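Chains as they are written, first to last, in the numbering used here: chain A, 1 to 135; chain B, 1 to 595; chain C, 1 to 582.
Worth flagging that the hints you see were computed from the coordinates, not collected in a lab.
One thing to keep in mind: the hints can contain errors.
To be verified - Which residues of chain C face chain B? A few of them, derived with a C-beta cut under 8 Å, are:
id: 1; residue: Ala43
id: 2; residue: Cys47
id: 3; residue: Arg62
id: 4; residue: Pro67
id: 5; residue: Ile84
id: 6; residue: Leu91
id: 7; residue: Pro124
id: 8; residue: Arg128
id: 9; residue: Gly171
id: 10; residue: Gly173
id: 11; residue: Asp174
id: 12; residue: Thr176
id: 13; residue: Arg451
To be verified - Which bits of chain B does chain A cover? Going by a derived footprint, with three or more residues having C-beta under 8 Å, they are:
id: 14; segment: 167-180
id: 15; segment: 193-207
id: 16; segment: 353-367
In this text the structure is predicted, and so the values were computed from the model without any measurement.
The beta carbon of each residue, even a glycine, is placed where N, CA and C say it ideally should be.
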Amino acid sequence: MAKKTLEDLKKLREQGRKKRDLVKSGTTSKNIQIIVGMGTCGIAAGAGKSFDTFIAELDAHNLDNAAVTQTGCMGLCYVEPTVEVIVPGMPSVIYGEVDGEAARRIVREHILKQRMVNNHVFDRPAVDIIQDGGK
Amino acid sequence: MAYRNYVLVCGGVGCESNKADQIYQNLLTASVANNISDEVQIVKTGCFGFCEQGPVIKVLPDETFYVNVAPSDAEEIITEHLVKGREVTRLLYDTSQSTRNVKIDGLDYYQKQFRVVLRNCGVIDPENIDEYIVRDGYAALEKVIFKMTPDDIIREIKTSELRGRGGAGFPTWLKWSFTKDVNEAQKYIVCNADEGDPGAYMDRSTLEGDPHSILEAMTIAGFACGADKGFIYIRAEYPLAINRLKIAMDQSREYGLLGENILGSDFSFDIEIRLGAGAFVCGEETALLASIEGERGMPRPRPPFPAVKGVWDKPTVINNVETWANVPVIILKGGEWFSKIGTADSKGTKVFALTGRIRNSGLVEVPMGTTLREIIYDIGGGIADNKEFKAVQTGGPSGGVITKDFLDTPIDYGSLTALGSMMGSGGMIIMDEDDCIVDVTKFYLGFSVEESCGKCSPCRIGGRTLYNILDRITKGEGELADLRKMQEIGEAMKKASLCGLGQTAPNPILSTIKYFEKEYLAHIKDGRCPAGTCKDLISYHILADKCIGCTACARKCPTAAISGERRQVHRIDPELCIKCGVCMEVCKFDAVFVR
Amino acid sequence: METVNIKINGQPVQVPADYNVLQAAKRMNINIPNLCYHPDLPAWAACGICVVKMENSPKMVRACATPVSEGMGIITHDPELHAIRKTVIELILSTHPDDCLKCGRNGSCELQKLAADYGIREQPYEIRLQDIPRDESTPSIILNPEKCIKCGRCAQVCQKLQGVWALEFVGRGDETRIAPAANLSLDDSPCIKCGQCSAHCPVGAIFERDETEMFLNAVNDPEKHVVAQIAPAVRVAIGEAFEMEPGTICTGQTYAALRRLGVDTVFDTNFAADLTIMEEASEFVIRLTKGGELPQITSCCPAWTDYMEKFYTDMIPNFSTAKSPMMMQGAMTKTYYAEKNGIDPKNIYSVAIMPCTAKKFEITRDENMFSSGHQDMDLVLTTRELSRLIKANGIDFMSLPEEEADSLIGAYSGAGTLFGNTGGVMEAALRTAYNLVTGENMEDVNVHVIRGMDGIRKGEVDIKGTKVKVAVAHGMANVSEILEEVREARKNNEEPPYHFIEVMACRGGCIAGGGQPYSTTDNIRDKRIAGLYKDDAMSVVRCSHDNPEIKYIYQDFLDKPLSEKSHHLLHTTYQYRPIYKK
Ligand SMILES: Cc1cc2nc3c(=O)[nH]c(=O)nc-3n(C[C@H](O)[C@H](O)[C@H](O)COP(=O)(O)O)c2cc1C
Ligand code: SF4
Ligand code: SF4
Ligand code: SF4
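In isolation and in its complexed conformation, chain A is listed as follows:
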């Protein structure tokens, strides 16, 4: 990495937007995203273990078009660990209380069969002001 110019930042943002659109339309190679909430509360509730389970389960099913990443707290502290799952063609969903078992079910059902997993879906807490909020 090196120092960035204004031009570099602009490019980064454009590439990012393109990538996001590609994910949405399902045409990139890593088009499935599993985003694990890894704040202090998530980690305390076992998010680290869920994270590892996702990777193992994806490997087990040879799913190389899915990326597992981390993020901060989603605010749903009563159902930590929380995970957002983005699968092209499906509304993105936030799952709560994702222990190892739930993680495996999410891979097997949500990702493989595109069926949401009962009793673990929680609401998106709010609108995204960066993507949707008016400029």
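Given the structure of chain A, go ahead and fit chains B and C with the ligands onto it with the hints provided.
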């Protein structure tokens, strides 16, 4: 083979009791009957909040939100909405009922939450600067360095009417302009991340989830005020946040967004992390200064204000984490955009940490002016275990209680203060009928007393004296004169303490005496704790007509205080009973009661 | 001076712009009560009693920490303020023992006075005392934490004025207390025993070690021949204990009082101050003319020598080896005086009346303090202790006749009396050094360049062509600026920036020592200093070398300055001491 639609049925406990399960079954049946079970998945979900209007149903991907749904409505939702594509309007959530809606640029959200501060939390990978940049990260910094003058920046913040989120609600632009106007070569920018209120963790979450937003904001302030050095004062107990901050700082230095000649300009700014030892009072800005300087963290008299004479007597802007997080958004979207959110008194949003006897505890960010009822019931899902709401404590140990009668008050800095409480850092602790108000008050006061730095006499002596009085009351040793004495001491602490800790420490007492005097009197005059929690004032008994003599309680009692033959009514020996409550927990026949 | 217009209780008044509200009110003869503010110190704002209101605001602010500003309207007294202040006073009293009758501050305690003013008759709140043992580890002061009201003055004095940082707040909440860091005892801490904490404490929590009983035992012991001396600073302050104006010269009354108390012989430390000057100025002239370690630094303040041994060990070679006047007087008493009068020195009990608590420590600080073969000085009483003795013995100090000191080692010059104030030792030494170098006296012996109250004063004195650069520092924290300059020059192999430096630990010098009457402020310091300059100006003999008794003693006993005998009796050595003993 994805489904065309997903129907999410709120399956939280609140809705469950209102026949959510029946609705789920009816939806399934109707979808089969209408031959769409291959196209539509019916999903049971966790609690959505909105329990008061439950059961609720959400249809994806169109995000239609139905409330007060009855099992008999299932058929119509399937045939009308999912077969014919027409919303069932009578079940739609009526946004006009809500005391206030978030209306921004034509968008109208049913979601009560509106995430400005937490915009990236739970969205980006905090350890990857690119993800921040993609979501317009550092675009505000770009804008100020190349397109704005310091005066422009301060004007924008002024237009936004942003007030400090650390507790006092001081206008942020004013602080910045004080510092900007001092003619000194060396100035400092400080981020106060000492967050020590019991129950509050919004600052930690923000730093963990979106560290770059804080770095960007501080750099912007550095540019506006003419400072080239910043400190983030963070408590050492936040290792994850510290680590993520360090990673973020390294990355932004590598990118040239922090350090010498930012983005090739001639503006330089760097940040250093200072660890706090965890004393609550070190969050008070003048104590924080002393601590950064290496002295004992004791508050100093103001004036001089830090904005004029701060760290090592140099002009210093100190803002709270949440305040900082708002800054890049204000620069990018404009102060006017921001000032449209909220109330006349307070603009923007506020993050609250909902805890206590609430179904959905967690961090919520709502526009200022949202009512307590909306937060507690629509977002929080109401009181856990279907108990009766008693009061909510806002502002942590420095706030007061707010009772049922005031649940519909739109909350902002002014309204909370008018109710005898305060915004504080945004802790919101819900109490139900089982919470003894004297005991809860003692808990909060105990916190302040432990955390008092001991510098000034009203706080140091008054706090402990108050605590001991409360302690006596919970033991049934209170006197009527205690109420007056507590008010006297409380008043003196409020008026004559040096810093906010001592000035606000009596708030819980003063406000509970005001709203729950009867409960105090029950303890003092009748030696009774109405909520049944003050151990010295309660006793456990067994109801003869309910006890079947199963011996469950007797076997569990740790002191063998329960006697009785099998199939005979049991009895608790008050001399031996230590009031642990195990018997009540294990009795399946509700035969144990507290008096 | 810039001024602002403000209103206090509706009355317009013009006050200097740098005043705080407390000072502004005082200007209008309105007293705002408080326990932690002291004009020597920046406002610490702890006690919470000086609260006042701004017009049209319900909030209360601390008068001590609120600067005045143009147009400000202040309310200093109203029923609400009264009630809040009273509650705070009652709270403070609830943690303070009420054994006033047995307290050293009975009658001079600021808390006692407030309680009286506010008519406190009962204790409404639970009484909670801190049960912490006293710290009696030093010979000078006793810290009694039970009485401490945490006003913070002592810690502020110790840290900000003295730069010692021996006293700190430890613990927090209602367990806060004043103690050396890490709960060490004072003796193991960097404490230099100057006693400024005890002079600033509003209550009886830090107190000089009271040794009046030892004095009484001595004077009542027929075997003992009690010889007393009084320090220069005592004479211009002791009158305050008897309602006289600060600065009133009470030399003769103090001699008389001591005799009434049973002292056999009364000398004056000022005589020994002249002796010190003879030795110290000779030492200086040698360093200056023959080449020696420069600058020479004065060593008559024991708190300062203690500080130097701990914090500026590298300056040991710069210290004048001359003992302090008190110790010289002691050595002369038990040798020359004993010999002349045929008294066995072991029966002599030597007592010094000093403005200083550190002097109690000095008398046994090392083996040089036993140069006569006995302990040269047996007892030090502070001005405060002596005035208590005078009162307890029913002596009407005001109507005592002005008596004379006993002769041989009793007479003093104007230079000697100046030892009591900042700049005085330097001035006295310059008068004699000038004479030693040139053989004649200065045309004008008043050395104005080094007089005054600035914490650091620098000047140049012309000794017939030789420009002598001098510096004066008082208030221990001020010394570092000058000494760092010296260190810097030494590091760079440059000429030393000064030839002669005078240091006194206490602000204003000994006239404001840790053992002087209470309530010392700069205003009082000025008056006491004026008293000493007046004593000097009124003296017929203005220079130490012109004091006939000094001339005589060199002829009769000591031979000459820096002689063999002088070295043995009048000079000392210094050693490294750790800042923290443990
Ligand atoms: C006892 C006490 C503790 C405080 N703790 C914090 C804290 O942990 N974090 C914080 O941001 N502000 C805290 N404050 C408020 C700060 O003094 C200060 O007002 C704030 O940092 C200013 O930032 P703002 O203007 O952005 O709110 C505390 C105040 C008091 C009296
Ligand atoms: S109010 Fe309490 S915490 Fe604040 S300075 Fe006074 S003693 Fe310390
Ligand atoms: S010892 Fe005296 S001066 Fe020091 S804090 Fe206590 S009361 Fe104040
Ligand atoms: S200046 Fe005087 S009173 Fe103060 S410590 Fe030194 S000798 Fe004692």
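Going back to the hint list, which numbers does this structure go against? Hints 13 and 14 are the ones this structure does not satisfy, whereas the remaining hints hold.
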